[in-house]
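With the sequences and hints as input, model every part of the structure.
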Amino acid sequence: MSISVFSQIGIDTQSPAPSSVLHVDGGKDNPSSGLPSSAMQSNDVVITNEGWLGAGTISPQGVVDLKSNSLGFIPPRMTTIQRNGIPTGNRPPGSLVYNTDTNYFQINAGTDAVPVWKNLDITSLTINRTVLYQKGTVQNVGTSPTDLTFNLDAPLFNNIPNGYITKINSTTLGLAPGKTYKIDVDMGKVEFSDANEMSCNLMEDNTVIGTASLLPSNYSLNNWNNSPIITAYINNNLSVVKKVSIKCTKVTGNSASFTLDIPAKFCVTIMN
1 MSISVFSQIG IDTQSPAPSS VLHVDGGKDN PSSGLPSSAM QSNDVVITNE
51 GWLGAGTISP QGVVDLKSNS LGFIPPRMTT IQRNGIPTGN RPPGSLVYNT
101 DTNYFQINAG TDAVPVWKNL DITSLTINRT VLYQKGTVQN VGTSPTDLTF
151 NLDAPLFNNI PNGYITKINS TTLGLAPGKT YKIDVDMGKV EFSDANEMSC
201 NLMEDNTVIG TASLLPSNYS LNNWNNSPII TAYINNNLSV VKKVSIKCTK
251 VTGNSASFTL DIPAKFCVTI MN
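Counting in UniProt numbering, the sequence shown runs without a single skipped number right up to 272 at its last residue.
Don't read these hints as lab results, they were simulated from the structure.
Treat each hint with caution, since some may be false.
[Claimed, not checked] Across the chosen pairs, the derived CB separations fall in these ranges: (1) ALA109 - VAL63: 20 to 28 Å; (2) GLY188 - VAL241: 23 to 31 Å; (3) LEU260 - SER70: 54 to 62 Å.
Each residue gets a CB set at the ideal place from its N, CA and C atoms; glycine is no exception.
Below is the structure:
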């Protein structure tokens with residue numbers, strides 16, 4: 001004959017969590033009936049019927065569930081010599097330590113018999129990622145400010161994760177918050193029909209952050225910096241998307257034409 005007995009153990013609590021076999025109320029602040037509040041649970045530890053461990057929560061959602069809004073998780077910290085001294089049988093694949101000699105989290109990517117400790121190098125997924133666009137159509141620019149169009153639907157190169165650089169329209173890109181961006185623009189080949197110059201501005205929202213000064217071939221102008229290149233940095237520390245575009249204006253005279261012989265290019269690199 002066998003007798004099965006089901007019970008709960010509550011330590012310093014009169015109302016153990018319904019799903020627990022062991023419930024410890026470290027702060028001795030749980031109510032005499034009903035469930036404790038989130039604040040009360042912050043000092044509780046439970047083991048559920050499934051054998052799951054919860055600390056800071058009475059409803060763990062995994063084998064081990066630690067909840068806190070004031071303290072972090074501290075894994076075993078040890079030197080390289082101490083790590084290498086972990087005996088066989090106690091270092092299965094996936095074992096995690098913090099190596100105080102290297103200041104890296106390390107995980108055993110080998111076996112228990114032959115451990116291979118790999119650094120968990122936490123590197124940004126966006127650092128030095130780039131997208132490159134170029135003009136896809138011929139475009140004339142006169143004396144009225146004109147936004148340059150780029151083939152924003154088909155970049156020449158792009159290894160930036162989705163969501164950081166977005167197309168607003170055919171002339172404008174959106175830069176997501178929380179990143180620093182490097183903008184490089186090469187105005188390419190421009191055909192002039194007269195001897196009058198043109199200015200192109202890189203716009204951050206409605207602010208000029210860089211200028212390219214373009215002159216016809218074999219033409220010079222005092223105090224005019226003839227350069228087809230614009231480089232600027234944008235630190236988007238706001239909570240909204242920043243818009244970037246290129247606006248060109250012929251100073252006077254006839255219109256000039258952005259050709260496809262050497263197309264203008266628009267490059268954005270995320271720096272962090």
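Results of checking the hints against the structure:
1. ALA109 - VAL63: 20 to 28 Å: 21 Å, holds
2. GLY188 - VAL241: 23 to 31 Å: 27 Å, holds
3. LEU260 - SER70: 54 to 62 Å: 60 Å, holds
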